[in-house]
Amino acid sequence: MDRAAPLSGIPRRLRLATAIGALLALLGTYMVSTTARADAAPGANAIRVAEFPADCTYSHRLPDDPIIFPGLPGASHMHSFFGSTVTNAHTTLRDLVNSPTTCNPRTDVSSYWVPTLYNNNVPVEPTIVTFYYLGEGVRADVVAATQPLPQGLRIVAGNAKAAGPNESIARWSCLHAGQVPPSKNFVTCPAGTMMESYLDFPQCWNGRDLDSPDHKSHMAYPVNQACPSTHPVHVPKLRQVLRYPVNGNPAQFRLASGPGYTMHGDFFNAWPVAEMARRVQDCIRPVIKCGHDGRPI
Amino acid sequence: MRALVAAPSTLLIAALLAAGCAAGPPDAAGTTAPSVAAPTAVAAPSTARATGTAGPFSPTDIAWLQLTVAMAERVLPVLDLVPARTTDPTWRRLAAQIETTERANLTVSRRLLGDSGAPATNPHEGHDMPGMIGADELAALRSSTGKAFQRLFAGHLRAHLTQAVRIAAAEQRGGVHPETTALAAAVVRRGTTDLARLDPAVPDGRGAGQAA
Numbered sequence: 001m002d003r004a005a006p007l008s009g010i011p012r013r014l015r016l017a018t019a020i021g022a023l024l025a026l027l028g029t030y031m032v033s034t035t036a037r038a039d040a041a042p043g044a045n046a047i048r049v050a051e052f053p054a055d056c057t058y059s060h061r062l063p064d065d066p067i068i069f070p071g072l073p074g075a076s077h078m079h080s081f082f083g084s085t086v087t088n089a090h091t092t093l094r095d096l097v098n099s100p101t102t103c104n105p106r107t108d109v110s111s112y113w114v115p116t117l118y119n120n121n122v123p124v125e126p127t128i129v130t131f132y133y134l135g136e137g138v139r140a141d142v143v144a145a146t147q148p149l150p151q152g153l154r155i156v157a158g159n160a161k162a163a164g165p166n167e168s169i170a171r172w173s174c175l176h177a178g179q180v181p182p183s184k185n186f187v188t189c190p191a192g193t194m195m196e197s198y199l200d201f202p203q204c205w206n207g208r209d210l211d212s213p214d215h216k217s218h219m220a221y222p223v224n225q226a227c228p229s230t231h232p233v234h235v236p237k238l239r240q241v242l243r244y245p246v247n248g249n250p251a252q253f254r255l256a257s258g259p260g261y262t263m264h265g266d267f268f269n270a271w272p273v274a275e276m277a278r279r280v281q282d283c284i285r286p287v288i289k290c291g292h293d294g295r296p297i
Numbered sequence: 001m002r003a004l005v006a007a008p009s010t011l012l013i014a015a016l017l018a019a020g021c022a023a024g025p026p027d028a029a030g031t032t033a034p035s036v037a038a039p040t041a042v043a044a045p046s047t048a049r050a051t052g053t054a055g056p057f058s059p060t061d062i063a064w065l066q067l068t069v070a071m072a073e074r075v076l077p078v079l080d081l082v083p084a085r086t087t088d089p090t091w092r093r094l095a096a097q098i099e100t101t102e103r104a105n106l107t108v109s110r111r112l113l114g115d116s117g118a119p120a121t122n123p124h125e126g127h128d129m130p131g132m133i134g135a136d137e138l139a140a141l142r143s144s145t146g147k148a149f150q151r152l153f154a155g156h157l158r159a160h161l162t163q164a165v166r167i168a169a170a171e172q173r174g175g176v177h178p179e180t181t182a183l184a185a186a187v188v189r190r191g192t193t194d195l196a197r198l199d200p201a202v203p204d205g206r207g208a209g210q211a212a
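Note that the protein sequences, when read in sequence, are chains A and B. For the first sequence, position 59 matches number 59 in my numbering, and the numbering has no gaps at all. For the second sequence, position 168 matches number 168 in my numbering, and the numbering has no gaps at all.
Be aware that a few hints might be false.
Claimed, not checked - Incomplete in silico selection of chain A near chain B, CB under 7 Å:
(1) F69
(2) P70
(3) G74
(4) G258
Don't read these hints as lab results, they were simulated from the structure. Yeah, the Cβ is synthetic: ideal placement off N, Cα and C, and Gly gets one too.
Here chain A stands alone, though its shape is the one from the complex (with noise of 0.2 Å):
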């Protein structure tokens, strides 16, 4: 008897019975679940959108910049901040881990600004501050290996020297009034309406480099629904949507770096490594939209 010797006493037939039906009622298992979370998720409601979200609003105003300018407080035009609020020209990722926040989850330590935006040369904040976190823009395979943006991460999205629309990705439209066309410049939106600013991140890294002497380069934009070579690594594509209280004529709008075309945005990573993590894998990989606690909604 060269058997193992636990299954010595059982007739042999039976242990075969039992071994093929048990791995059957495994897999079958594991078919339902899986079945399950591909094609209805958790709650049978969930929906079919890759996303995450964190609102962060207002902070606080500053002439500075701690990725473009590290160091150099006041050499910056005027910056809204939003998430973490103690953003200054010297913040580092340690300042960011332990700081306050304007977040919802409290969770997002990050720091997000943007140039002020002043309407007749007073400044204007924006009330309901958005960042989401998407899975989109690639193919379902490039989502599905998605990787948590690493903490320390600086991105910046948008062209602030744009010297016209042509050289910008920034888009101005109007909540609740999807008649008024978006535009790369601010926009007319109708009374009772809010003017609203949509930025999309470079989603592929470079997989090495938290930040580059340009501030660009270590991060790339999809290209045929895909990471080109150079920026393998797909992580979460952020989207910044700031809702101003504004509306009507934008002929007194500005930004502090210029017309609407040149808005931008800067973003410095301080999402904790787990929470991050958790929500890549929970929310992005299997394509579930989730809400401020990284579960699905």
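Chain A is already provided as a structure; the job is to place chain B on it using the hints.
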């Protein structure tokens, strides 16, 4: 008999494993992400480089050099306007001296930027920066002469020098590259002197208004 038992089991196990890889939480293994995306590299920022810069220049050094180049390039055309728009020798002399300083600083800053390997421009320098004259303001200067020109020019020059001294002082404190921080110290020293010379010449209530 034993082989018959083993074969289907192996197949089933293989199927289970395959299913697990395809549908389970995609860890780094079994995804299409390249090996550089291993979670260890992602989870430990110390393994990712903080910036792409290397060598003796800090990000603050580079940002200050980029900004100094941008500011000098912006103020030189303003200084160039002076000889044609005012005959006042005090203003012409002041502008010529500041222009000499700015050109020298620009040359050194460009060389240091080249040494650092950083790009000569950055995404934020450009229009509507503190201390930088805008296109509209430059047009207004070009269409004025005499005392009106002097008043506008003095305002822009003061804004430029004030900002230059402010950020050079920050570089002096926060920079690390010796020649760069030495240049910053010189900008602070010279800028402060020039601002003091500008004060009595400017008719804005701060000085005696001798040129007004």
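Could you tell me which of the hints above the structure violates, numbers in ascending order?
-> none
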